[in-house]
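From first to last, the protein sequence lines are chains A and B. In terms of UniProt numbering, the first sequence has 33 at position 33, counting the first letter as 1, and numbering is strictly consecutive. In terms of UniProt numbering, the second sequence has 249 at position 249, counting the first letter as 1, and numbering is strictly consecutive.
Honestly, the hints are just simulated from the structure, not real lab data. Glycine included, C-beta positions come from ideal geometry on N, C-alpha and C. Among these hints, one or two may not hold up.
Said to hold, decoys possible - Stretch-level coverage of chain B by chain A, calculated; a stretch enters the list once three of its residues show a Cβ under 8 Å from a Cβ in chain A:
{"hint": "1", "stretch": "75-86"}
{"hint": "2", "stretch": "263-269"}
To be verified - Restraint ranges, calculated between C-beta atoms of paired labels, are given here:
{"hint": "3", "chain 1": "B", "residue 1": "T247", "chain 2": "A", "residue 2": "E133", "range": "32 to 40 Å"}
{"hint": "4", "chain 1": "A", "residue 1": "Q212", "chain 2": "B", "residue 2": "D229", "range": "54 to 62 Å"}
{"hint": "5", "chain 1": "B", "residue 1": "S308", "chain 2": "A", "residue 2": "R129", "range": "52 to 60 Å"}
{"hint": "6", "chain 1": "B", "residue 1": "T247", "chain 2": "A", "residue 2": "E183", "range": "29 to 37 Å"}
{"hint": "7", "chain 1": "A", "residue 1": "A280", "chain 2": "B", "residue 2": "G233", "range": "25 to 33 Å"}
{"hint": "8", "chain 1": "A", "residue 1": "Q212", "chain 2": "B", "residue 2": "M64", "range": "52 to 60 Å"}
{"hint": "9", "chain 1": "B", "residue 1": "G233", "chain 2": "A", "residue 2": "R267", "range": "40 to 48 Å"}
Said to hold, decoys possible - Away from chain B, derived, C-beta distances all over 10 Å, residues of chain A:
{"hint": "10", "residue": "E15"}
{"hint": "11", "residue": "Q23"}
{"hint": "12", "residue": "P50"}
{"hint": "13", "residue": "K65"}
{"hint": "14", "residue": "L108"}
{"hint": "15", "residue": "S131"}
{"hint": "16", "residue": "L151"}
{"hint": "17", "residue": "T180"}
{"hint": "18", "residue": "K224"}
{"hint": "19", "residue": "T236"}
{"hint": "20", "residue": "P294"}
{"hint": "21", "residue": "D314"}
{"hint": "22", "residue": "Y322"}
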Amino acid sequence: MTGTPDAALPPGTREHLTSPVTQAALRIQNSITAGTREYLGMNGFVELQPPLIGPVTDPGCRGAKQVDVDYYGHKYKMMTSVILYKQASLLAFDKIFYVAPNVRLEPLETSTTGRHLVEFTQIDVEVARASREEVLDVAQGLLRHIVAHTLRESKVDLATLGRDQEAFTALLEEDFERMTHREAVSRLQGLRHGQSADAEIDWQGERIISEQTNRPFFIVDYPKGSRGFTDGESSTEPGVLRNFDLIASDGFGELCSGGERTHEYRRLIERMRETGENPAKYAWYLDLAREGLPPSAGFGMGLERVTRYIAGLDAIWQANAYPKLPGIATP
Amino acid sequence: MITARQLPEDAIRARAREGSAAIFPDVAGYGRSLFGADVDTPPDELDRARIVPPVFVPRRLEKMFDLAREPVYGDVGLSTVLGGFTAPSPVFLCAFGSTQVAGSGLGIAASEQAGRLGMPMVIGENVVPMHGYGRMGESVEDGLLGRIRAYADAVPDGLGGVVVQQSTEDADAEVWNLVYSDPSATKLLETGRLAFELKVGQGAKPGLGGMTVLSRTAAGEIAEQYTVDEAFGRDQAMVLRSSSPGTFTGEILRQQIHLMRNNYPRARAWVKLHPGRDVGEAARVAWAAGADAVTVDGAEGGTGWAPSVFLDQVGLPLVECLRRVGKHDASLLVSGRIWEGARALKCLAMGASAVGLGRAALLAVDEDATEGLVRLVRCLELELRLLASALGKYDLADLTTDDLWFPGSSARTEQDG
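All chains should be built: construct the whole structure from the sequences, respecting the hints.
Encoded structure:
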């Protein structure tokens, strides 16, 4: 990382856009999206354009607020994640991806994590009839390809930012470790971090555990109650979700979340109630599920987070031309 | 005209005359009356129970050792921790829901006085959908934000807390997310004095969702979200708005609490239950899932609009809820016609950690908008001290059912003492 304090806020628009750091970061980001399209295109994925608003968006987690839009008198939402649309899109193609913008009004405490933006972009991938293990392979392959592509195409910009290419040797050469949520909790508690066994790994815990490794790794099997209804529950281990997070090395934290999806109509209704959701909101989606949605697995990889990781930036806002931090009114 | 003296003729004739409007209290009283079980209902079992001081008071002797003098009622300690909040006495302010009574400035007055008292305050689940939040051009006065600000400005450091409810349909309004990310709530959040309450049900209408009476114009604006019923007749200006009661199983309740704790790690998680027959089991599920408090609203609970049959005949009385839930290490909060010290003490003796003031609090602020609630609570606290002292107990945690006598209960033997 470049040594700027995590809590530092973005400067004014002119200073930010004319900064060599911003320009290098955005060129690296350009290389990341090009690498993404190259890898997924080579592997048979169809890129679709994501919707920006809809009657519902994904149920959200960790206290983020959705943004309402007056849609001819109907209350529509800005997408916080296009996950429901990804599932629906599998009615058209078996392997799809979006480079999708999202808006989440994150809680104020996330303004200083260095990892949260209110407006951000996700590389959203979904595969029909895939298992979690199959999409773990896709996520690993994609991140490796992105890194290799960027190291090749963005040498000058990485040098400008002082990013050491050696940081990615293990990522490029070794498979990513897979640990269960239970193991991650136990590891954190062993490091005297008070991580709840029922909840997602908290922000500080993610950073701590990320600092312990030299290559990205997966945390799998989050407990039910820690995620929204779209994450599928294991049929053999009740209470365990067939999901995952991809955690970067060197303290950069979470890059990507995903898993097998809940797709059966009755389970969707049950899981919606378990997550405090009102099924009436999801009428169009449930109508599709009642007639049949393919089982699937997929993930969403945060473009700015991956950019921050590869470029070695202190804060995620450095990877966005017009960064919006929680609670801070900026252009 | 025929007569039938064995039947409630007036009520039958009212139904024949007015149709479904007659199954509710008189709609003309909506917005001015606080509802609840009929005033003609005889005092319930809890009111009939007597508080029975013993002759021998070993705990008074213990207290005398501490003080080196005879203890008096002023030595009874009332301060407590309820639902994760520190309170000066085991009393909290109940949610008033979206009733117009609370919306007409009384909600703000009650919030300010509760803040001054340092007593935890619950804010009703549909204040936001009905009165707005208080941002982006909405009136701050009646909205959620106005109540939070009034409370937060008055509350002493280290005391009290604000609890914001949400139920199934209010999830659409994302009340919890709004509050959690609002700069006005930051101080409460940072000092551990914000909680969210999952509203499973309410005392006056177990098994029903929230109900309010609205003008046709107001109803049209929320028709997409709520059931709107012509209960009072098509020629009337007012219509009935109902929420869904929500669907719960043990697993759904457990997971919703897990999700609350995961999504809002800096807020406390409370759960409100209606006086259902499985209230004991539901409370245990909630505590096991990590709820910081379970609130049980006895069937005597009120304020909001409900069909008369629910007010008078549905749900367990508070005393039976207390029996079915029993004492627990986590907080059990109860409400239902609480207004003075005796009923409060009986609840505490039966296992409650604290009692909530609903209608009584609204009446108090209606009587005096600046001091009414403060005076009501001070009276209740004085009575609690006098009663506990009479029982020879100076810590409310020492109260037990031995301190109560229920008429008709089997005669006690000497060994029971």
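* Minimum Cβ-Cβ distance from E15/A to chain B exceeds 10 Å -> Check passes; 26 Å lies beyond 10 Å.
* **Distance restraint evaluation - T247/B, E183/A, Cβ atoms, bounds 29 to 37 Å** => 35 Å, holds
* For S308/B and R129/A, compare the CB-CB distance with the range 52 to 60 Å and indicate the outcome. => 56 Å, holds
* To do: Find the nearest Cβ of chain B to the Cβ of T180/A and say whether that gap is larger than 10 Å.
  => 17 Å, holds
* May I ask you to test the hint 32 to 40 Å on the CB atoms belonging to T247/B and E133/A? => 34 Å, holds
* To do: Could you let me know if the closest chain B CB is still more than 10 Å away from the CB of D314/A?
  => It holds; D314/A is separated from chain B by about 24 Å at its closest Cβ, greater than 10 Å.
* Okay, G233/B versus R267/A on CB: inside 40 to 48 Å? -> 43 Å, holds
* To do: Take the C-beta atom of Q212/A and the C-beta atom of D229/B, compute their distance, and say whether it sits inside 54 to 62 Å.
  => For Q212/A and D229/B the Cβ distance comes to about 59 Å; the hint holds.
* To do: Evaluate the given range 25 to 33 Å for the C-beta pair formed by A280/A and G233/B.
  => Holds - the Cβ-Cβ distance for A280/A and G233/B, about 28 Å, lies within 25 to 33 Å.
* Asked: Regarding the assertion that S131/A does not contact chain B, is the least Cβ-Cβ distance greater than 10 Å?
  -> The claim holds: S131/A sits with its nearest Cβ about 24 Å from chain B, beyond 10 Å.
* Please confirm whether T236/A is truly not at the interface, meaning its C-beta sits more than 10 Å away from all C-beta atoms of chain B. => Since the minimum Cβ distance to chain B is about 17 Å, T236/A lies beyond 10 Å and the statement holds.
* Taking 10 Å as the cut and beta carbons as the points, is Y322/A off the interface with chain B? -> Y322/A clear of chain B: closest Cβ-Cβ about 20 Å, beyond 10 Å.
When the structure is compared with the earlier hints, violations turn up for hints 1, 13, 14, 18 and for no others.
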